[in-house]
Amino acid sequence: MYKYDNYDQTIVNERVAQFRDQTERFLAGKLSEEEFRPLRLMNGLYVQRHAPMLRVAIPYGLLSSKQLKMLAHIARKYDKNYAHFSTRQNLQYNWPALETVPDILADLASVEMHAIQTSGNDIRNTTSDQFAGIAKDEIEDPRPYCEIIRQWSTFHPEFSYLPRKFKIAVSGATHDRAAVQVHDIGLYLVKNDVGEVGFNVIVGGGLGRTPFIGPSIKPFIQKQDLLSYLEAVLRVYNRYGRRDNMYKARIKILVNELGKEEFARQVEEEWSHIKDGVMKIDQKEIDRVKSFFASPDYDGAAADDTSFESAKASNKAFSNWAKRNLFPHKVSGYSAVVISLKAPDTPPGDVTDEQMDYIADLSDQYSFGEIVVTHDQNLVFNNVKQSDLFSLWEKLAEKKLATPNIGLLTDMICCPGLDFCALANAGSIPIAKQINDKFDNIDYLHDIGEIKIKMSGCMNACGHHHVGHIGILGVDKKGEEFYQLTLGGSAENDASLGDRLGPGIAKEEVANVIGRILDVYVEHRQEDEKFLETYRRVGISPFKERVYASN
Amino acid sequence: MRVIKDKAVVNDDWQLIREIDTDAAVPEGKVILPFAYWQANREALLKQNSEHAVWIDGATQTEVLLDDLEHFSMIALDFPAFKDGRSYSHASLLRNRYNYKGDLRAIGDVLRDQLFFLQRCGMSSYEIRKDKDIDDALKSLQDFSVRYQAAADDALPIYRQR
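Top line first, the protein sequences correspond to chains A and B. The first sequence begins at 1 in our numbering and counts up by one. The second sequence begins at 1 in our numbering and counts up by one.
Since the hints were derived computationally from the structure, they do not count as laboratory data. Do not rely on the hints blindly, as some may be mistaken.
[Unchecked claim] Not everything, but these chain B residues come out facing chain A in the computed CB check (under 7 Å): (1) Arg2; (2) Val10; (3) Trp14; (4) Gln15; (5) Glu19; (6) Asp113; (7) Phe117; (8) Phe144; (9) Val146; (10) Tyr148; (11) Ala150; (12) Tyr159.
[Claimed, not checked] Below, computed lysine-lysine pairings styled on DSS-like, alpha-carbon distance capped at 25 Å: (13) B/Lys47 x A/Lys30; (14) A/Lys30 x B/Lys130; (15) A/Lys30 x B/Lys7; (16) A/Lys69 x A/Lys30; (17) A/Lys30 x B/Lys139; (18) A/Lys30 x B/Lys132; (19) B/Lys83 x A/Lys248.
Note that beta-carbon positions come from the ideal geometry of N, C-alpha and C, so glycine has one too.
Please build the complete structure, drawing on both the sequences and the hints.
Below, the structure is given as structure tokens:
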């Protein structure tokens, strides 16, 4: 993974000093609440329902074991012994005291981490595919480009007071696992007609109140032109994006109001001025950053293993886990392992300090000391020898980290909701619990197969409900929590926004209604059809009829 | 009035005129005029044997200034609220693309914690909001010693030094 040099380290150290000074001036009354707000947000610090919330950046989700141990230490020392992984592959602490945040940042800086631009109207943490570097369907590893974007966007002087937040995702594989089309800028690494690899640029996707699947405005740019093109898009947005209404300030609204062609034309015009200047990335720099992401030393004899197959044959629980929680590796004899943070009795994405330490140690032992956070709030070991899978599984199971549910109904995406978030209208963690309580039969879950439930406690859509196969949106109706369901959303290559099922559902009915939706699916599915495929074939009517007829 | 200019707090005799009727008489002395007034009274102003300066708001695109850049010893860019980032782009364009060499001044809701970024976009002087300590604000120009990306302050991408 990327290692800081003196320059990178100086920037995070100076950031700690700057924020310490800003915090002191705020506490001394020299900065008003209103003046301090954007400053603390630019550092991931929110004032929440119970206490401040601090969001730590995990660039493109990649962590070393040393960094994960520091995150555990911070949870122990400054918080209540746990933390929460978010859908931007970041980590959130729910209970730090404002006065201690500069010390937390200093601790983070000691392991090459920070909280820069994890909130605020600036360029946020760039996200990517959790299987980057090991996936068989990869055209090129996206992580070097994520790191190049990270450096360019960090404290970008012109784009730190944008009309609204700005999120970038990069995918290097043919299968989109990074929800690229629902980002302000989405980048697909693609090959052009003559076999060169560059980027297809999507602009203006997003969720929130007005969801859009972003259009491609430039099917191919060369890698050297990546930053100049991004700069052109951002400059057009910074100049012309709406600032009169925060709900209309995202770039998706500008793209939609101008139309994709006109927006693309303006970007092209801007780009023509800067394309061949100092923004052009030297090939030497691309190669330098790439060198940090070289493959580890794989064991050439790993493929000779036979123990994995025999362990599966003799142990049903292990075989269930292997079926759901492994992902195929480009190197024969290796697997990627998904560590489920969706155990039935825990809020999705939450981990304890003890679990973090434990996972860090296991990663040293089994996966070259690297851990990846996924955008659906799980963790991944990307380089595990098949001969080690059984012992790793046993160890994970000891700490409730081997729930065999990846991609299944209970592998839900869930925002913190009313339990923690000041914006929420309704709870999402209690709904996750209700669903876990009702659907506790693993054979049933495996039979239902791949289904993505995504849940947000308000229309800001942090839980990505619009692109869930089943989306759940919490709403407040005269002081009562109701839940609006959508069906048929997807954040992958076939991205689509879910269709609204009908009127909101009472809180205690949500899991039962999901049960009815699944009944309709089971009755209609043909052969191995997945939920989304069946839904797209039969449409919303049979689901609607079943859910509302029996109410 | 005290302003920050060229990284120091200095006394400055420019006077900002926020509003003036376009048919009002041409003011005397070193005044920063609304650009609309300049447009309406261009010929009369050019006959004056003095320095000229105008200010624009975030909604005015820099391109409208291009024919007159040579006449301005200062262009002031307004921040109606410090969170309104449009003038960062205006400054970058005036410096980098349109090669403006005069003083670029930040006016309006100009506060300490934005100065580092403003400087990087090519701003050269700052009228700090009146209720704030200008000597204190000066410190922020030194917030960072390393800059990752190229900008109007002539910095090259940091990787060129690696």
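Of the numbered hints stated previously, which ones are contradicted by the structure, given in increasing order? 1, 2, 3, 4, 5, 13, 16
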